[in-house]
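Visitor: In case you want the letters, here they are:
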Amino acid sequence: MATTTSITVREIPLVGLLLRRADDALVLGHRLSEWCGHAPVLEEELALANLALDLIGQARALYAFAADAEGGQHGEDDFAYLRDARQFRNLLLLEQPNGDFAATIVRQLLYSAFIDPWWHLAARSSEPRFAEIAAKAEKESAYHLRHAADWLLRLGDGTAESHRRAQAALEWLWPYTGELFEPEAPDLVAASVCPDPPALREAWQGTVFPLLAEATLSRPADGWMQTGGRAGRHSEHLGHLLSELQYLQRSYPGAQW
Amino acid sequence: MTEQPTPLWEVFIRPRNGLTHRHVGSVHAADATLALAAARDVYTRRGEGLSVWVVPSAAITASDPAERGMLFEPTESKIYRHPTFYEVPDEVGHM
Numbered sequence: 009m010a011t012t013t014s015i016t017v018r019e020i021p022l023v024g025l026l027l028r029r030a031d032d033a034l035v036l037g038h039r040l041s042e043w044c045g046h047a048p049v050l051e052e053e054l055a056l057a058n059l060a061l062d063l064i065g066q067a068r069a070l071y072a073f074a075a076d077a078e079g080g081q082h083g084e085d086d087f088a089y090l091r092d093a094r095q096f097r098n099l100l101l102l103e104q105p106n107g108d109f110a111a112t113i114v115r116q117l118l119y120s121a122f123i124d125p126w127w128h129l130a131a132r133s134s135e136p137r138f139a140e141i142a143a144k145a146e147k148e149s150a151y152h153l154r155h156a157a158d159w160l161l162r163l164g165d166g167t168a169e170s171h172r173r174a175q176a177a178l179e180w181l182w183p184y185t186g187e188l189f190e191p192e193a194p195d196l197v198a199a200s201v202c203p204d205p206p207a208l209r210e211a212w213q214g215t216v217f218p219l220l221a222e223a224t225l226s227r228p229a230d231g232w233m234q235t236g237g238r239a240g241r242h243s244e245h246l247g248h249l250l251s252e253l254q255y256l257q258r259s260y261p262g263a264q265w
Numbered sequence: 510m511t512e513q514p515t516p517l518w519e520v521f522i523r524p525r526n527g528l529t530h531r532h533v534g535s536v537h538a539a540d541a542t543l544a545l546a547a548a549r550d551v552y553t554r555r556g557e558g559l560s561v562w563v564v565p566s567a568a569i570t571a572s573d574p575a576e577r578g579m580l581f582e583p584t585e586s587k588i589y590r591h592p593t594f595y596e597v598p599d600e601v602g603h604m
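Line order of the protein sequences matches chains A and B.
Residues 9 to 265 (the working numbering) make up the first sequence, in order.
Residues 510 to 604 (the working numbering) make up the second sequence, in order.
Calculated from the structure, these hints are not laboratory results.
Every residue gets a Cβ at the ideal spot worked out from N, C-alpha and C, and that includes glycine.
Hints should not be assumed to be uniformly reliable.
The following label-pair restraints were derived from C-beta to C-beta distances [claimed, not checked]:
#1 F217(A) <-> P565(B): 44 to 54 Å
#2 R531(B) <-> C44(A): 43 to 53 Å
#3 S259(A) <-> R577(B): 30 to 40 Å
#4 A539(B) <-> S251(A): 29 to 39 Å
#5 G65(A) <-> R531(B): 40 to 50 Å
#6 R18(A) <-> P516(B): 28 to 38 Å
#7 L559(B) <-> G107(A): 33 to 43 Å
#8 K147(A) <-> A539(B): 24 to 34 Å
#9 D108(A) <-> T570(B): 49 to 59 Å
#10 H248(A) <-> L559(B): 20 to 30 Å
#11 K147(A) <-> R590(B): 41 to 51 Å
#12 P191(A) <-> P524(B): 20 to 30 Å
#13 R525(B) <-> T167(A): 47 to 57 Å
Isolated chain A (complex conformation):
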């Protein structure tokens, strides 16, 4: 029977991995979908909605896999709609509010520059179903990276106003970038199920640093880095996001259309 009761997931290592990646995709996808009806121009409205749909599609494939890996107690919708904020494993970076267009682009760039090479390596996963998801996601994230990089260059090296906004977004979001490189479950890395994020730091820097320079943006210093998303310790923003995302299923359990 359909219920509004929050579920608790049995997070064996593989399920944990899938939830981390799926929650990242769902939360960022939801954030981008919030631009629908508010984007600065029609072309970007569709571009952002396209990114959102890519990410939500990734989340669905990953949740469906997690459901099977857990043993079938929960379905893909249950993961999205019936977990409390403390059960979500997404990066803090991705739940931050959209801010202005520059902040949305900076957030997208910082994440895409990490996740694109990560998916690229994950496409060689020893777990075939995960490799398949990764191969598809990598094509999408490659475009996300290009889209964000194209815009960051133009915002940073554009008008005084766009530069100021891009720089402000960078200062705001930089402390959330440390979390990108937190190690994955050692057993999964050892079994070549997924790449280990710390190994991708150089690739990420190789993308981000030259881009910031070209965009005439100054790179913030690596100071105190935020952490906790992977353990379910979120900023206050995730609860608000989930209250909107989960409202319908919580109010009308099992509703379909």
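For this one, chain A is given, so just place chain B on it according to the hints.
Guide: What follows is chain B alone, placed relative to chain A:
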């Protein structure tokens, strides 16, 4: 602050190999790179294309609608230019 209007670009998409690019619409974008991205994002969401061209709308020289009579009406009476009077054998197939 003065705002310049964002340039307009015409979008052409080739749906499959072997077909020609067809005009599908237009987008606004500050430069060619963003125009190509916008064209991809706006006009290829349902698998419409394998190749996209964008051309600055200002680069297109168009015929004057007021001259339509002079330019196009004279051909209306020259139906012999349509090769529809010939019997094409079935073996020829699609032409």
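Visitor: Would you mind marking each hint as holding or not holding in the structure?
Guide: Hint check:
Look at F217(A) against P565(B): about 33 Å separates their beta carbons, and that is not inside 44 to 54 Å. In this structure the supplied range 43 to 53 Å is violated for R531(B) paired with C44(A), their Cβ-Cβ distance being about 29 Å. Range check, S259(A) to R577(B): Cβ separation about 60 Å, and the 30 to 40 Å hint is violated. Remark: the range hint 29 to 39 Å for A539(B) to S251(A) is upheld by a beta-carbon distance near 37 Å.
Under the hint 40 to 50 Å, the C-beta atoms of G65(A) and R531(B), about 28 Å apart, miss the expected range. About 55 Å separates the C-beta atoms of R18(A) and P516(B), a value inconsistent with the hinted range of 28 to 38 Å. Hint check: L559(B) to G107(A), Cβ distance near 36 Å, so the stated range 33 to 43 Å holds. One distance hint, 24 to 34 Å for the beta-carbon pair K147(A) and A539(B), holds here, with the actual separation near 26 Å.
For D108(A) paired with T570(B), a C-beta distance near 39 Å fails the hint of 49 to 59 Å. A C-beta distance of roughly 42 Å is found between H248(A) and L559(B), which places it outside the suggested range of 20 to 30 Å. Separated by about 48 Å at the C-beta atoms, K147(A) and R590(B) satisfy the suggested range of 41 to 51 Å. At about 46 Å, the CB distance of P191(A) to P524(B) disagrees with the hint of 20 to 30 Å.
The hinted window of 47 to 57 Å between R525(B) and T167(A) is violated, with their beta carbons roughly 41 Å apart.
Consistency with the previously given hints fails for numbers 1, 2, 3, 5, 6, 9, 10, 12 and 13, ordered from lowest to highest.
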